[in-house]
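*Asks:* Here's the letter readout for the chains.
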Amino acid sequence: MNTMTTTTPETATTVLDASGVTMRFGGLTAVRNVDLTVNAGEIVGLIGPNGAGKTTFFNCLTGLYVPTEGKVRYKGTVLPPKPHLVTQAGIARTFQNIRLFANMTVLENVLVGRHTRTKEGLWSALLRGPGFKKAEAASHERAKELLEFIGLQDKADHLARNLPYGDQRKLEIARALASDPGLLLLDEPTAGMNPQETRVTEELIFAIRDMGIAVLVIEHDMRFIFNLCDRVACLVQGEKLVEGTPGDVQADERVVAAYLGTPFEDAPGADEVAEVEAAEAHSTTRTEGETQ
Amino acid sequence: MTTQTNPTTPLLAIPAARAITTAGAALTLASTFLAWTWTAEFPGDLTVTGYPGGLQVLTLVGAALTLLFTLSGYGIKGLGWLTPGGTNSPVRLAALGVLGTMGFTFAAIAIKLGGIVNLEPGAWIGLVGALITVAASLGLPHDQNITDTTTPTPLERFLNSLRAPAPGRPKELPSWAEILIIVAAFGIGLYVITYGIDTEYPELFVGYLIISGFAVTALFKAGLMARLSALTTKYRTIAVAAAFVAAAAFPFTQTTDQFTLIAVNILIFATVALGLNIVVGLAGLLDLGYVAFLGVGAYTAALVSGTTASAFDVQFPFWASVLTGAAVSLIFGVVIGAPTLRLRGDYLAIVTLGFGEIFRIAVGNLDGVSGPQITNGPNGVPNIPDLNFLGYDFGESHTVLGFELGSYANYYLLMLLAMILVVLVFSRAGSSRIGRAWVAIREDETAATAMGINGFRVKLIAFALGATLAGIAGTVQAHVQSTVVPEMYVFAGPVPPNSAFLLAAVILGGMGTISGPLIGATLLYMIPAKLQFLQDYQLLGFGLALILLMRFRPEGLIANRRAKLEYHETDQLDAADKTLAGTTSGTTKAGA
Ligand SMILES: Nc1ncnc2c1ncn2[C@@H]1O[C@H](COP(=O)(O)OP(=O)(O)OP(=O)(O)O)[C@@H](O)[C@H]1O
Ligand SMILES: [Mg+2]
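Sequences listed follow chains Z and D, in order. The first sequence begins at 1 in my numbering and counts up by one. The second sequence begins at 1 in my numbering and counts up by one.
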């Protein structure tokens, strides 16, 4: 079976190009020689069982970890392994275990996201010249737009910690969008959401894509991933096992095996489909249990 | 007990509770006009019938407040504005305050004069009245249901009886009236604080602390403080101006320098605490050696002041010495901060603690024996001349608007300017891009850097800014004290400001607020200064107070805007709080 399909046409511009990324923690190799590209206008999914190294790979991309080997390019330039420079360059992210600024208001959270796109320093804050006021007003304007986009405009003055779970996830997305990224990395954006909220999030991600932002998303909810993504890569024990269209990946026997952890012998049939379903259900509940 | 079905049922079943409360408060009030003791050996003129004095005045004020709140509960026209929030919890708090003051006075007289025989019937009447008031006030219904438990213990029910809902929307008043209210409130505030500073003997100060503590809490529960803060937000500039006019008016109320000196020291302490609040409260950097930056500023100003004891034969004008002091502190701040701020928090705490000690020991050794002769070692730099600003000699008395202003009054006003500067820096920096970055770093450094904040740079700015502000305060301090010695800048000691007390002022008052450290510093300075007899137990009491505060009011006396929000959205809080806490403190492997 054709596993390493590269379905992208050569003409599309590459936003993210990670090549040979390896991350070792002492003896443990959490990510092993992973190549991944994301093209403009694409939604790419990253799946894999628990502990496969998906989050670690994200951390390598965003500079939170310095990869042991490998390079990460964003729009052709090699990224320095410093989180704030990565964000400055145009990659924004959310976290698997929500990391909002809990004691700041919803609006302030989004304003913090504007940090890289504004320049006003201490002096300008102390002197409060016209430039400062203008920049501050523009930031507020943009932040309010984003809150409207995710539907939290009425809760702008609430503390982030007081938001319901689903809203917290959405707020993380708005905060990431505030840095005007070219690529958005979402780490399990629907973990802990009910099916209805998941559908709303799906629409939200499509809307983000339509704004011209490429999206790379980790998720355990297979239905969500296969609905959403143009391309899916599956990570198992740190290695990229399969990459291809949702259809290819869904049908790939090794993906199923990796999720179920049992040897797989016969050709796919009705039983296996049922098994895949079971795996999906299983992994979703696992994630939910983990994050709450 | 049937009480559990209806949590608003009063703690005690007392018929006509309100009438009895009224009577009790009136009784105590009346008793303050009687003699409480027979001899003038107990200070404060408590022997005169028909004229309250000293602790009687405080009891009178408390009783009057209780009476007003109680009457407001009757729905009497014209008094409703007193209790827009809770109706009965303020009564209970005020009554407890009266009982506290009354009981303290009673005990103090008995102990000081040796036995309860020294008490006149007036004191007995007052005490009985206060007891009746408290007991009857517990018979008034609660203002709020118990939400967190269905089977509350008596203690929980008592604490709940002191809670009150936030007030609703206020009636619109004409703006001149609203401004008048602000001005009146600050006038009263000035009077209350001046009264505290001017207390002549420790008993009066203790009574003052008890009654003002309870009364202020009662005003909060009644919703009057919320009303006032709504007004001050509405007329922000006027409120700020009123606050500073009130503060500037203080020296004009004084006839001697005795209490002005205390006030200057409070201002120095409070200003430095506010500077520390930028570092600790906003940016979340634990600085355990902050007082050293005050020392750097003070020593710099002392060395360039032209005193003969200085190793440098220069005399800078004041503005230049302020700039020099600020610059030297800034350099020290950057030198200390740059290597340590790259690391996580604990290292900074250790390094700043070390720096504080190194500074003190180093200036103690630069005496020409252990090192070069720069600072005169342990003897310090004495004879720092008084400031002379455009011919205005700070060391002399001047008559302004018919009031005689002594030397300390001059320094008081100068220090007030320094404080205004720090307040301005704090509020402007705090509500800007850089201030948000500080708070974000404090909340979650990883997430903050992932949002594009250069953590090191932003933290260094906070640290250096804090150091500079302390340095500026130090330059004024050197001239006020006219001598600087190394022992003024210790980590912990009985006399503020020292690093431990500065940190305590910030935490006690409320991190991340402006008024918090100012109130914290005022209390922490006044209590040791007024209660000298406590000398030996002072640090013990201080430690106990901090532990109790952390247990019962972790956000400090003044909750900041964010903590306040948290307070108001209690219903939402519980559920969401748990989820977030669970996710952030959960697995370490996921999400970096
Ligand atoms: N900082 C670290 N130090 C040591 N080991 C780590 C570190 N971070 C991750 N690991 C290990 O790397 C492996 C991959 O973890 P990672 O969090 O990337 O998995 P994941 O695919 O995101 O899993 P999940 O679906 O549960 O989120 C795990 O075995 C984990 O324990
Ligand atoms: Mg993960």
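Bear in mind the hints are in silico, worked out from the structure with no lab data behind them. Yeah, the Cβ is synthetic: ideal placement off N, Cα and C, and Gly gets one too. Any given hint could be a false lead.
Claimed, not checked - Cβ pair distances, simulated, as ranges:
#, chain 1, residue 1, chain 2, residue 2, range
1, D, W319, Z, R73, 49 to 59 Å
2, Z, A137, D, Y191, 35 to 45 Å
3, Z, R73, D, A362, 44 to 54 Å
4, Z, L127, D, D386, 31 to 41 Å
5, D, P382, Z, D157, 53 to 63 Å
Said to hold, decoys possible - Pairs of lysine-lysine residues, derived as DSSO-like cross-links and limited to a Cα-Cα distance of at most 30 Å, are as follows:
#, chain 1, residue 1, chain 2, residue 2
6, D, K77, Z, K155
7, Z, K133, Z, K71
8, Z, K134, Z, K119
9, Z, K134, D, K234
*Asks:* Taken at face value, is the distance from the CA of K234/D to the CA of K134/Z at most 30 Å?
*Replies:* Since the Cα atoms of K134/Z and K234/D sit roughly 22 Å apart, the hinted pair holds (cutoff 30 Å).
*Asks:* With respect to the beta-carbon atoms only, verify the hint that P382/D and D157/Z lie 53 to 63 Å apart.
*Replies:* 55 Å Cβ-Cβ, so the 53 to 63 Å window holds.
*Asks:* Assess, step by step, whether the Cα of K77/D is no farther than 30 Å from the Cα of K155/Z, and give holds or violated.
*Replies:* Status violated; Cα separation ~38 Å.
*Asks:* Take a look at whether the Cβ-Cβ distance between R73/Z and A362/D falls inside 44 to 54 Å.
*Replies:* 51 Å, holds
*Asks:* Please verify whether K133/Z and K71/Z have alpha carbons no more than 30 Å apart.
*Replies:* 40 Å, violated
*Asks:* Check the following: the C-beta atoms of A137/Z and Y191/D are separated by a distance inside 35 to 45 Å.
*Replies:* 41 Å, holds
*Asks:* In this structure, is the beta-carbon distance linking W319/D and R73/Z contained in 49 to 59 Å?
*Replies:* With Cβ atoms ~54 Å apart, the hint holds.
*Asks:* K134/Z and K119/Z: Cα distance at most 30 Å?
*Replies:* Given that 30 Å is the threshold and the Cα spacing comes to 12 Å, the pair holds.
*Asks:* Take the C-beta atom of L127/Z and the C-beta atom of D386/D, compute their distance, and say whether it sits inside 31 to 41 Å.
*Replies:* 32 Å, holds
The structure fails hints 6, 7 (numbered hints given earlier, in ascending order).
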